[in-house]
Amino acid sequence: MMNLADHPGRYELANELHARPSPALSAPGTAVYLAIKRPDHAANRDREADRAHLIALLDRFGAPHPSPGANHYFGEIGRYHLKWEQHNEFVSYTVFSDGISSRAFDPAAFDVFPDEWLADAPGARITSAHIRVQQMPGTEKEMDKLVREWFVSESIASNWVLDRAAMVAGDFRIDPAGHMRLVAFISESTSKRRIGRIVQRLCEIETYKTMSMLGFPVAQEIHRKLRNLDGELTHLVGAMTRGDELPDNTLRELLTISSELEELMASTSFRMGATRAYEAILNQRIDVLREERFRGRQTLSEFMMRRYDPAMRTTKSAAAQLENMAGRAARAGELLRTRVDVERAEQNQALLESMDKRAQLQLRLQETVEGLSVVAISYYAVSLAGYLFYPLTDTFGVSKGTLTAALTLPVVLLVWLAVRRIRKSLGH
Numbered sequence: 030m031m032n033l034a035d036h037p038g039r040y041e042l043a044n045e046l047h048a049r050p051s052p053a054l055s056a057p058g059t060a061v062y063l064a065i066k067r068p069d070h071a072a073n074r075d076r077e078a079d080r081a082h083l084i085a086l087l088d089r090f091g092a093p094h095p096s097p098g099a100n101h102y103f104g105e106i107g108r109y110h111l112k113w114e115q116h117n118e119f120v121s122y123t124v125f126s127d128g129i130s131s132r133a134f135d136p137a138a139f140d141v142f143p144d145e146w147l148a149d150a151p152g153a154r155i156t157s158a159h160i161r162v163q164q165m166p167g168t169e170k171e172m173d174k175l176v177r178e179w180f181v182s183e184s185i186a187s188n189w190v191l192d193r194a195a196m197v198a199g200d201f202r203i204d205p206a207g208h209m210r211l212v213a214f215i216s217e218s219t220s221k222r223r224i225g226r227i228v229q230r231l232c233e234i235e236t237y238k239t240m241s242m243l244g245f246p247v248a249q250e251i252h253r254k255l256r257n258l259d260g261e262l263t264h265l266v267g268a269m270t271r272g273d274e275l276p277d278n279t280l281r282e283l284l285t286i287s288s289e290l291e292e293l294m295a296s297t298s299f300r301m302g303a304t305r306a307y308e309a310i311l312n313q314r315i316d317v318l319r320e321e322r323f324r325g326r327q328t329l330s331e332f333m334m335r336r337y338d339p340a341m342r343t344t345k346s347a348a349a350q351l352e353n354m355a356g357r358a359a360r361a362g363e364l365l366r367t368r369v370d371v372e373r374a375e376q377n378q379a380l381l382e383s384m385d386k387r388a389q390l391q392l393r394l395q396e397t398v399e400g401l402s403v404v405a406i407s408y409y410a411v412s413l414a415g416y417l418f419y420p421l422t423d424t425f426g427v428s429k430g431t432l433t434a435a436l437t438l439p440v441v442l443l444v445w446l447a448v449r450r451i452r453k454s455l456g457h
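Residues 30 to 457 in this note's numbering are what the sequence shown spells out, letter by letter.
Possibly wrong hints are sitting among the right ones.
Said to hold, decoys possible - Taking lysine-lysine and the DSS-like style, the derived pairs with C-alpha atoms no more than 27 Å apart in a straight line are:
(1) 174 x 221
(2) 221 x 170
(3) 453 x 386
(4) 254 x 345
Unchecked claim - Between beta-carbon pairs, the in silico distance windows are:
(5) 363 x 36: 43 to 49 Å
(6) 331 x 252: 25 to 31 Å
(7) 263 x 374: 26 to 32 Å
(8) 70 x 220: 37 to 43 Å
(9) 322 x 353: 36 to 42 Å
(10) 252 x 35: 49 to 55 Å
Honestly, the hints are just simulated from the structure, not real lab data.
Note that the Cβ used here is the ideal one computed from N, Cα and C, for glycine as well.
Modelling step: build the complete structure from the supplied sequences, incorporating the hints.
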């Protein structure tokens, strides 16, 4: 025995692989399937409400409760077997019973779900299916006759599955009782476990088909909004090219369009991603059935290719177009921002040149003012010096005019030198 501690989640993860075994069914038998989903924000729903609704059904039959926090349950409710599963966006109920009604697809099979209990469901029905499981009749022609009686011939999809262990058929139309109808004709050699897996796959195909189709109306709404935004974006890009509008105004409008696109991506990304995931699961569930054509009729995969794939291509196109337009808006915004930056740089350059010219004019004006200041100061200095030296005119025998003329040059020189020293001390 290894003396080594286990990872805390080891057993839980290992048991998860075996938590949802396919039921063991016998033919003839009946399976009724119901999937419930909240209309909005289903992934963030209160999952305890789902479990409480399950417990309410179990209490009507006196059946044991699931363990706390369980997201799957399998057990007996009266003469039926119930399989309950909690998924990311929906919760499913599958009820199995032995035997089939004399009337094909009798709506009374759904009486196992009481009306009052259905009225209290924490959500709405996203799909329901009535699956009839019976032994193969004697010939293929008899099977084909029953299929043509039960389903709309234009929509029938029927094929052999699992190496002719069964022939399954349906038309994927909602009947007057509100359910999808499917039939599985079982060969005598098919085991109960294999029958259970076939029924389980049919339920999953119907569910994931419906869940993935939820992305189709969202894609249509995306296309509608993108048509409007595409016209606005094209107009703005054209205005950028022609220079019809001010760049700042165009940039603000582009940012508005970009924000609308980002909001649209954020509000639809979950549904678009879920649609891709459900589509992949649906195709995988069909592949594992290993289809073979039955009497020249279309197979399940061919039905999906003709009726279902166009809707999925629409959702993929919408997601791709939304991403592409968001990229276009971002690129246009970057180009416009670059253009605005260049224009602002040119404006700043012109402003700097204008400021440089003004500075030069101010310097010249300052030099002029300084020159005038030297003249004015020199005038008053010469006058003062004249008053100081006028008494010497008689001594030296010179006139006042001659003395003034002699004093002017040195006084002006001294004033100029004094002003220059002041300018140097001020850092000019």
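Hints versus structure:
{"no.": "1", "hint": "174 x 221", "result": "holds (26 Å)"}
{"no.": "2", "hint": "221 x 170", "result": "holds (25 Å)"}
{"no.": "3", "hint": "453 x 386", "result": "holds (23 Å)"}
{"no.": "4", "hint": "254 x 345", "result": "holds (16 Å)"}
{"no.": "5", "hint": "363 x 36: 43 to 49 Å", "result": "holds (48 Å)"}
{"no.": "6", "hint": "331 x 252: 25 to 31 Å", "result": "holds (27 Å)"}
{"no.": "7", "hint": "263 x 374: 26 to 32 Å", "result": "holds (28 Å)"}
{"no.": "8", "hint": "70 x 220: 37 to 43 Å", "result": "holds (42 Å)"}
{"no.": "9", "hint": "322 x 353: 36 to 42 Å", "result": "holds (39 Å)"}
{"no.": "10", "hint": "252 x 35: 49 to 55 Å", "result": "holds (52 Å)"}
In this structure, none of the earlier numbered hints is contradicted; all agree with it.
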